[in-house]
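Asks: Below are the chains, spelled out letter by letter.
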Amino acid sequence: MKAPAFRYARPESLDEAVSLLAQYGSEARVLAGGQSLMPMLNLRLLAPSVLVDINRIPGLSEITAHPQGIQIGATARHAAVLYSEEVARAAPLLALALPHVAHLAVRNRGTHGGSCALADPSAELPACALALEASFVLRGPGGERRVAAQEFFRGLYETALGADELLVRVDYPRAQAGRRYGFDEVARRRGDFAIAGLAAAARVEGGALRAARLAFFGVADRPVLVTGASREEVRERMETIEVAGSSVYPPDYRRRLMRVLLERVLDAIGK
Amino acid sequence: MKESLTEREIRLIVNGREVRARVPVRKSLVDWLREDQGLTGSHVGCEHGVCGACSVVLDGAVVRGCLTLAVQADGARVETIEGATEAGRLARLQEAFYQRAALQCGFCTPGMLLVAAELLERNPRPSRDEIRDALSGNLCRCTGYHAIVDAVEAAAAGTR
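For the record, the sequence lines run as chains D and B. Quick note, the first sequence lines up with residues 1 to 271 if you use the working numbering. Quick note, the second sequence lines up with residues 1001 to 1160 if you use the working numbering.
Source of the hints: derived by calculation from the structure; they are not laboratory data. Careful: at least some of the hints might be erroneous.
[As the list claims (entries may be wrong)] Chain B side only, calculated, beta carbon under 8 Å to chain D, not exhaustive: (1) E1047; (2) R1064; (3) G1137.
Ideal placement from N, C-alpha and C gives every residue a C-beta, glycine not left out.
Please construct the entire structure, taking both the sequences and the accompanying hints into account.
Replies: Here you go:
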C-alpha cells in the first residue's frame, strides 16, 4: 500500500526540529532513516499528521571519537557505523552486531538513532547500548539531558524520549584493554529480526569469565541485562529472566536459544 | 518556524540529468521515478522494504525506493537501473546474468544487479557466503538464487 497523507517538515537545525516537535506533539513522527517508519506508514499501521525529517540537520550524522569513547550521531547510517574503523576500535561490539542488522540497502539508509529510538525489542543496537553502558543524549525545549541505556529502554517500542524530545546522539565509553566482546543471534533468515540474540561485554582473565554484561534481546519487551562474575553465575541468573513467547516461538524455545547463545558467545569471547 | 507541507518542489539529478519537479510529500521515490519520470526499470513489489525490487542508488548507495520519499531525494543524485546500464557499470554483471540464466521473470533483476554491483565495489572477490549475505535483502520470486550467486561469482572472477 501507499502511505496515508501527512504533512512534511524538514528542519535545518536542532532547535527548529525540537520546536516542531513541541508544536505538533504526539501528532508528529520523527523521520530518520525511515526503514521502520516507512513500512509502518505503507502498511497503514501509523497515521501521523506530520513527519519531521531530521536528515538535513547539519552535524547530526557525525561519528566523533575521543579518548573516553565514541559519539554516534542520531542520523549516522548503519553502513557508516559498520564501516567506521574508529567505531571498530572504540566500540568493537557494534562492528560485530551491525552485519546482523537488516540488509545492505536497509543499512545504507537506516540510522543508529532511529533504531534506538524505535526500541524494537528484537533489535540489535539497543542490546549493544545496554551491554556497553552507553548513554543517550536527548534534546527538548528545555535543553539537553542524558539518559543511561538502562533507563532509556522502557518497554515495547517505548523509551524515555518525551513527545517533544529528539534523540541527538548515543555516547559509548571506549573499549578497555582486557575487555572482550561477543555477539550472536538466531533469526529465521539472514537480516530478519532475531528470535533471540545476545550482545556481550566481558572481562576475561586466564580464559575465565569475569565481570560480564550480557544483554539478551528478542526475548522480552526490551533488552534484558544479565551481569555476573563467572560463567556459572550468569548461567544461573539468565534462568530468572521472564521470557516472552508467541504462538510461533513459545517461551521454552526462546529460553533454549538463550542457553545456546550464551555458551556460543562466551566460548567465542574466551578464545 | 518552518511550515509543514503536503507538496514540495524538488531539484535533483536523475541518471545524470537535472530534474525539477513538484511532488506530493507522501509519494515514494520509486513511485515518482516510475510514474512521473517513466523509469519503470525499478519495480514495486512489497512496498514495505522486504523484497528489494525497488532498489535505486541514492547518492552512491543502494536504497529501497519504497522506503524513501521522493521529497527526500531533493538535492541528491539518483541512479536507476536505466542509468547504471547506460553508464556501462553493470555490463560485466549483466553479461554473467545472461550467460548463467540468472533471471527468469526478471522482476527482481534490477535490484539484484544494483546490490551486486555495490558488493563488488566494496569487495571485488567475495566468497559465495558473502554474495548470499549481500543479496539476502532481495527476493527472487522464481527462486533462482543459485544461478544468481553463480553469476555474481563469475562476474567477480571476470569469467563466464
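Asks: Going through the numbered hints above, which ones does this structure break? Give me the numbers in ascending order.
Replies: As far as the earlier hints go, not one is violated by this structure.
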